[in-house]
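Chemist: Here the protein sequences line up with chains A and B, keeping their order.
Using numbering that gives the first Met the number 0, read the first sequence as starting at 0 and increasing by one per residue.
Using numbering that gives the first Met the number 0, read the second sequence as starting at 0 and increasing by one per residue.
There may be inaccurate statements among the hints.
Listed next, the stretches of chain B that the computed footprint assigns to chain A, with coverage defined by at least 3 CB atoms under 8 Å from CB atoms of chain A [stated by the list, open to error]:
#1 159 to 170
#2 247 to 255
Some chain A residues close to chain B (C-beta under 8 Å, calculated; not the full set) [unchecked claim]:
#3 A55
#4 P77
#5 M81
#6 F89
#7 P90
#8 K105
#9 G106
#10 S110
#11 G164
#12 D167
#13 R171
Just so you know, the hints here were simulated from the structure itself, not pulled from any lab data.
Glycine residues also receive a C-beta, built at the ideal position from the N, C-alpha and C atoms.
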Amino acid sequence: MSKLIIDGVNRIFPGVRGAAPTEALKPTSLEVQDNDFITILGPSGCGKSTLLRIVAGLDRPTAGRVLLDGEPVLAPGPERGMVFQSYTLFPWLTVQQNICFGLREKGVSPSRQREIAAHYVGRVGLTGFEHHYPKMLSGGMQQRTAIARALANDPKILLLDEPFGALDNQTRSLMQELLLGIWEQDRKTVLFVTHDIEEAIFMANRVVVMTARPGRIKCDLAIDLPHPRHYTIKTSPEFSAYKARLTEEIRVESLKVT
Amino acid sequence: MFKPLQPVSGAAKVILGIAFFVLFVGAWSIATFGGHVPPTFLADPATMVREAINLFVEFDFAYDIAITVWRVVGGFVLAAIVALPLGILMGTYKAVEAFLEPFVSFARYLPASAFIPLLILWAGIGETQKLLVIFIGSVFQIILMVAVTVGSVRRDLVEAAYTLGARDGGIIRRVLIPASAPDIAEILRLVLGWAWTYVIVAELIGSSSGIGHMIVDSQALLNTGQIIFGIIVIGCIGLVSDFLFKAANRRLFPWSLA
Numbered sequence: 000m001s002k003l004i005i006d007g008v009n010r011i012f013p014g015v016r017g018a019a020p021t022e023a024l025k026p027t028s029l030e031v032q033d034n035d036f037i038t039i040l041g042p043s044g045c046g047k048s049t050l051l052r053i054v055a056g057l058d059r060p061t062a063g064r065v066l067l068d069g070e071p072v073l074a075p076g077p078e079r080g081m082v083f084q085s086y087t088l089f090p091w092l093t094v095q096q097n098i099c100f101g102l103r104e105k106g107v108s109p110s111r112q113r114e115i116a117a118h119y120v121g122r123v124g125l126t127g128f129e130h131h132y133p134k135m136l137s138g139g140m141q142q143r144t145a146i147a148r149a150l151a152n153d154p155k156i157l158l159l160d161e162p163f164g165a166l167d168n169q170t171r172s173l174m175q176e177l178l179l180g181i182w183e184q185d186r187k188t189v190l191f192v193t194h195d196i197e198e199a200i201f202m203a204n205r206v207v208v209m210t211a212r213p214g215r216i217k218c219d220l221a222i223d224l225p226h227p228r229h230y231t232i233k234t235s236p237e238f239s240a241y242k243a244r245l246t247e248e249i250r251v252e253s254l255k256v257t
Numbered sequence: 000m001f002k003p004l005q006p007v008s009g010a011a012k013v014i015l016g017i018a019f020f021v022l023f024v025g026a027w028s029i030a031t032f033g034g035h036v037p038p039t040f041l042a043d044p045a046t047m048v049r050e051a052i053n054l055f056v057e058f059d060f061a062y063d064i065a066i067t068v069w070r071v072v073g074g075f076v077l078a079a080i081v082a083l084p085l086g087i088l089m090g091t092y093k094a095v096e097a098f099l100e101p102f103v104s105f106a107r108y109l110p111a112s113a114f115i116p117l118l119i120l121w122a123g124i125g126e127t128q129k130l131l132v133i134f135i136g137s138v139f140q141i142i143l144m145v146a147v148t149v150g151s152v153r154r155d156l157v158e159a160a161y162t163l164g165a166r167d168g169g170i171i172r173r174v175l176i177p178a179s180a181p182d183i184a185e186i187l188r189l190v191l192g193w194a195w196t197y198v199i200v201a202e203l204i205g206s207s208s209g210i211g212h213m214i215v216d217s218q219a220l221l222n223t224g225q226i227i228f229g230i231i232v233i234g235c236i237g238l239v240s241d242f243l244f245k246a247a248n249r250r251l252f253p254w255s256l257a
């Protein structure tokens, strides 16, 4: 059975003050297998974030359902870790305390919390910054902490909503390699939303393209590139072929909204 | 030095701050020593200093200061104890807000000083009445301002906490309260300043001790030196309490600065 099943999920936002309701997401179905790294690629405003928020349980679908390991998703929970585009570290907690947030909520003993935190601090390369407050960190470091914070809970699936969207190009590439490296080791199931085509291909084993608003899935492309992937793969002919194909798909959609 | 928003050095800041006090006393000296204002209306600085010494030596003014500080702090602490939980509940739960907000907004505009005659009837002219004036003057202000602060905590932080497994109690304890704590401290500092105006009014009427009482007594004797000294003492205490509050905030919430 699939790990995550999105079954006929749509989302219609009610109109404000007599305005017509907005359909953000057409009925959408998607199945995610265990250990999949799926990127959802689409133009801005296509409802890809709405879909992810519904999987996270932060938004409710107007119709349809989401099942994780056969259990319906009704509310947010720690088995679906989320990394947001905006910096959502708790500013009053240090890096270490941020990573321990979910563990403390679970009632894990403090010594075990510190062990787990130390492990993930190492994984995201922040050793030495455990006792820094988020304000003292760069954007890339904050997002690395956010990834560590989500992973520390050992979620069944990791959801990322354009997590590197606010970062500069160089940092963004490094973050992609970091996240991919973690995935190549852990093979944690990942659902990653982005509007960046290269990012989508580089990290995924499947790219799901969504149409312009109202969003629906337009194509589902398996990415058959070997692991471990090195950043130089971005200049390989295979990569370029995928890129050309997806660029065309996205271009058609972007034209619709501009 | 006079470029918009250009910071000034620490030394320049201190010198400028002191310079205004010097100017102020200078203008006062010219007006009084120069004979431009009759001494009945405004005492000169030298007379004021003499009267100030007289107050401490002959009339035990230190006791008056102590009693006034105790009233302000007492009434203010009572108000904070009642207002903080209510404000946090109002900011957190929209139903509580809908229930209390209209009344609190109405009560906030009731002038505390107008309650003095009523409070004298209810509580006599003892300490209870003085504390109640401060209490009424502060409690509604704190409730409303705290509710607004708690209600405007960044939504994405709350959502992040939910995806990390926090439940409603955890959201209040571990997100809403710590996120608003620095602003709440700032609100308390502000309202404490207002409490000082209420205590003096309370002491002007039906009181036998306190700085306000001394001011009324001095008015009967046309002793403007003592009146001015009383006012200056209040200003100095305000300055000290402000300083203490700011120092405590820097200590307690290092993450919200720099």
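Chemist: Now, for every hint given, state plainly whether the structure supports it.
Modeler: Evaluated hints:
For the stretch 159 to 170 of chain B, the stated coverage by chain A holds: 9 residues have a C-beta nearer than 8 Å to a C-beta of that chain, and at least 3 were required. Using a Cβ-Cβ cut-off of 8 Å, 4 residues of the stretch 247 to 255 of chain B lie near chain A, which meets the minimum of three, so the contact claim holds. Hint on A55 of chain A holds. Least Cβ distance to chain B is approximately 6 Å, under the 8 Å limit. Satisfaction of the interface hint for P77 of chain A is found here, the shortest Cβ-Cβ separation to chain B being roughly 3 Å, below the 8 Å cut-off.
Proximity of M81 of chain A to chain B holds as hinted, the smallest CB-CB distance being about 4 Å (cut-off 8 Å). Residue-level restraint check for F89 of chain A holds (minimum Cβ-Cβ distance to chain B is 6 Å; threshold 8 Å). With a least beta-carbon distance of about 5 Å to chain B, the hint placing P90 of chain A at the interface is held under the 8 Å criterion. Evaluation of the K105 of chain A hint against chain B yields a held restraint, the C-beta minimum of about 6 Å falling below 8 Å.
At about 10 Å, the closest approach between the beta carbon of G106 of chain A and any beta carbon in chain B exceeds 8 Å, and the interface hint on this residue is violated. With its C-beta approaching chain B no nearer than about 20 Å, S110 of chain A sits outside the 8 Å limit, and its interface hint is violated. With a least beta-carbon distance of about 14 Å to chain B, the hint placing G164 of chain A at the interface is violated under the 8 Å criterion. The restraint placing D167 of chain A at the interface with chain B is violated, with a minimum CB-CB distance near 21 Å, outside the 8 Å limit.
Annotation: R171 of chain A was flagged as interfacial toward chain B, and the flag is violated, the nearest CB pair being 20 Å apart, outside 8 Å.
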